[in-house]
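Here's the letter readout for the chains.
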Amino acid sequence: DAADDSSSVKPRNKQRVLMLTSRGVTYRHRHLLKDFASMMPHGRVDAKYDQKKKLGELNELALSKAPNGPTCKFLVSNIHTMEELAFSGNCLKGSRPILSFDKSFDTEPHLQVIKQLFLQIMGVPPLQKRSKPFIDHVLSFSVADGRIFLRVYQVQETEPTKKDGAEGEEASEESKKKKSKHADKAKEFDISLLEIGPRCVLQPIIIQEGSFGGALLYENKHFVSPNQVRADLRRKGAAKSNSRAE
Amino acid sequence: EDLVPRTRININNTTGLLASLKRFAIPTDGSTTFASHQSLASKEPTADVIGEDLMDDIKRELAFYAQALDAAKRGRALLKAEGVPFSRPTDYFAEMVKDDGHMEKVKAKLIEEASAKKASA
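Top to bottom, those sequences are chains A and B. Be aware that the first sequence starts at 32, since it is given in the working numbering, and climbs by one per residue. Be aware that the second sequence starts at 9, since it is given in the working numbering, and climbs by one per residue.
Extracted from the complex, chain A is given alone in its bound form (with noise of 0.2 Å):
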């Protein structure tokens, strides 16, 4: 439901991003959009897309490199935004995300081409203006059952408690890592995660070799649109009561 647009000049990590909703879209996409909004100071949202045919229909993301592409387009589903999750997670708005990627984005081409988009398109650049100089939360993407998922975490450090082993296997494997490293980790905190939201799934549709358009360069088979899923419904319904008729 979102077009997200970047341009760079150089392979070097410095973007931003047009963020605009198709027409049509119902409340929770455009929260979507405010979520992510919020945590891109790179971004400026736009008004919506005002050409009916044209770019994504309802539902689908578009994530576009510009000027010259790729673009991936994805279906989202499991839209939760953040007002409806009661998480109590929260970071600076602004400051920039770790990004967490799935191993299962290095082993196939299309997975790599969609790593790079989230990466530099969610991906918050340095030196960005308007972001904050401190990094307090995580952005997951993982690979499951052909559909990516899109969780946020905020990274809460707490002094480490004294081990009671109570923690089991977080706590020693903390304390492994501690062993190992410096000796200076001593005064270093523990970290948790603190789910902040949205969530979304998306899953992977097309990628063409443009901005927008060009050679389609991958097909997700697995796909089926949600129209013809309501479409194949109705006709089963629709054979039913012909039988019926009869």
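Do not take every clue at face value.
Unchecked claim - Restricting the straight-line Cα-Cα distance to at most 30 Å, the calculated cross-link-like pairs of lysine-lysine (DSS-like) are:
| id | chain 1 | residue 1 | chain 2 | residue 2 |
| --- | --- | --- | --- | --- |
| 1 | A | Lys134 | B | Lys88 |
| 2 | B | Lys113 | B | Lys125 |
| 3 | B | Lys67 | A | Lys252 |
| 4 | A | Lys134 | B | Lys51 |
| 5 | B | Lys30 | A | Lys134 |
| 6 | B | Lys115 | A | Lys65 |
| 7 | A | Lys252 | A | Lys134 |
| 8 | A | Lys65 | B | Lys126 |
| 9 | A | Lys65 | B | Lys113 |
| 10 | B | Lys125 | A | Lys124 |
| 11 | A | Lys124 | B | Lys126 |
| 12 | B | Lys81 | A | Lys124 |
| 13 | B | Lys117 | A | Lys252 |
As the list claims (entries may be wrong) - Just a few of them, taken from the derived set where beta-carbon distance is under 7 Å, the chain A residues facing chain B:
| id | residue |
| --- | --- |
| 14 | Ser119 |
| 15 | Leu130 |
| 16 | Pro140 |
| 17 | Gln147 |
| 18 | Leu150 |
| 19 | Lys163 |
| 20 | Tyr184 |
| 21 | Leu247 |
| 22 | Glu250 |
| 23 | Arg261 |
| 24 | Arg265 |
| 25 | Ala269 |
Said to hold, decoys possible - Covered stretches of chain A (chain B as the covering partner; in silico rule of three or more C-beta atoms under 8 Å from a C-beta of chain B):
| id | stretch |
| --- | --- |
| 26 | 151-157 |
| 27 | 167-180 |
Keep in mind the hints are simulated off the structure, nothing from the lab. Computed from a predicted structure; not experimentally measured. Positions of the beta carbon are idealized from the N, C-alpha and C atoms, including for glycine.
Based on the hints, put chain B in the right spot on chain A.
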């Protein structure tokens, strides 16, 4: 019931994808500082951690959490090594993503849930 099975032609132009990737990718390997991109790949595919049942909410979310936590820890170590400030000082106040009103609501909801739990126990 004459549903036409939709078969899609599997387009997966790997050479094209890789060429395109090469054109626009920002280097994330050792050639640049970690601070310039701040991205990390997990050690193992998260799907393996989740296992078969994707609908198992707790397991799935735990896997995501573990992935993000690992990234946060490694990220902090890398950033500290590069001399980039990481933690926010306690006396540093600035606008947050969620404003006070929003947090107030969240708090109210949490309290409500907790008291409901207490009442039912």
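Hint by hint, here is what the structure shows:
Pair hint Lys134 of chain A plus Lys88 of chain B holds up; C-alpha atoms about 23 Å apart against a cutoff of 30 Å. A distance of roughly 18 Å separates the Cα atoms of Lys113 of chain B and Lys125 of chain B; the hinted pair therefore holds under the 30 Å criterion. For the suggested pair Lys67 of chain B and Lys252 of chain A, the alpha carbons sit about 28 Å apart, so the restraint of at most 30 Å is met. Straight-line distance between C-alpha atoms of Lys134 of chain A and Lys51 of chain B comes to about 6 Å, which keeps the hinted pair within the 30 Å bound.
A C-alpha spacing of about 19 Å is found between Lys30 of chain B and Lys134 of chain A, which places the hinted pair at or below 30 Å, so the restraint holds. Proposed proximity of Lys115 of chain B and Lys65 of chain A is supported: the alpha carbons are some 22 Å apart, at most 30 Å. Between Lys252 of chain A and Lys134 of chain A, the direct Cα distance comes to roughly 22 Å. Compliance with the 30 Å bound is thereby established for this hinted pair. Restraint check for Lys65 of chain A and Lys126 of chain B: not satisfied, since their Cα atoms lie roughly 36 Å apart, outside the 30 Å limit.
For the proposed pair Lys65 of chain A and Lys113 of chain B, the alpha carbon gap of about 18 Å is at most 30 Å, so the pair holds. The hinted pair formed by Lys125 of chain B and Lys124 of chain A fails the criterion: a straight-line CA distance of about 33 Å is larger than 30 Å. Between Lys124 of chain A and Lys126 of chain B the alpha-carbon distance is near 35 Å, which puts this suggested pair outside the 30 Å criterion. With a C-alpha separation of about 21 Å, the suggested pairing of Lys81 of chain B with Lys124 of chain A holds against the 30 Å cut-off.
With a C-alpha separation of about 42 Å, the suggested pairing of Lys117 of chain B with Lys252 of chain A is violated against the 30 Å cut-off. Taking 7 Å as the C-beta cut-off, the interface hint given for Ser119 of chain A holds, the closest approach to chain B being about 6 Å. Given hint, Leu130 of chain A at the interface with chain B, holds; its Cβ is 4 Å from that chain's nearest Cβ, closer than 7 Å. Hint status for Pro140 of chain A: holds, given a least beta-carbon distance of 4 Å to chain B, under 7 Å.
Hint on Gln147 of chain A holds. Least Cβ distance to chain B is approximately 5 Å, under the 7 Å limit. The closest approach between the C-beta of Leu150 of chain A and any C-beta of chain B is roughly 5 Å, which is under the 7 Å cut-off, so the hint is satisfied. Restraint check, Lys163 of chain A versus chain B: the minimum CB separation of about 6 Å is within 7 Å; hint holds. With 7 Å as the threshold, the beta carbon of Tyr184 of chain A comes within range of chain B, its nearest partner Cβ sitting at about 5 Å, so the hint holds.
With a cut of 7 Å, the hint placing Leu247 of chain A at the interface with chain B holds, because the nearest CB-to-CB distance is about 5 Å. The interface hint given for Glu250 of chain A holds, since its Cβ lies 4 Å from the closest Cβ of chain B, which is under the 7 Å cut-off. A hinted interface residue such as Arg261 of chain A counts as satisfied when its beta carbon comes closer than 7 Å to some beta carbon of chain B; here the least separation is about 14 Å, so the hint is violated. The restraint placing Arg265 of chain A at the interface with chain B is violated, with a minimum CB-CB distance near 12 Å, outside the 7 Å limit.
Among the interface hints, the one on Ala269 of chain A is violated; its C-beta lies about 10 Å from the nearest C-beta in chain B, farther than the 7 Å criterion. Only residues whose beta carbon comes within less than 8 Å of a beta carbon in chain B count, and the stretch 151-157 of chain A has 3; three or more means the coverage holds. As drawn, the stretch 167-180 of chain A meets chain B at 8 residues by the rule of a beta-carbon pair under 8 Å; at three or more, the given contact holds.
Taken one by one, the earlier hints fail for this structure at numbers 8, 10, 11, 13, 23, 24 and 25, listed in ascending order.
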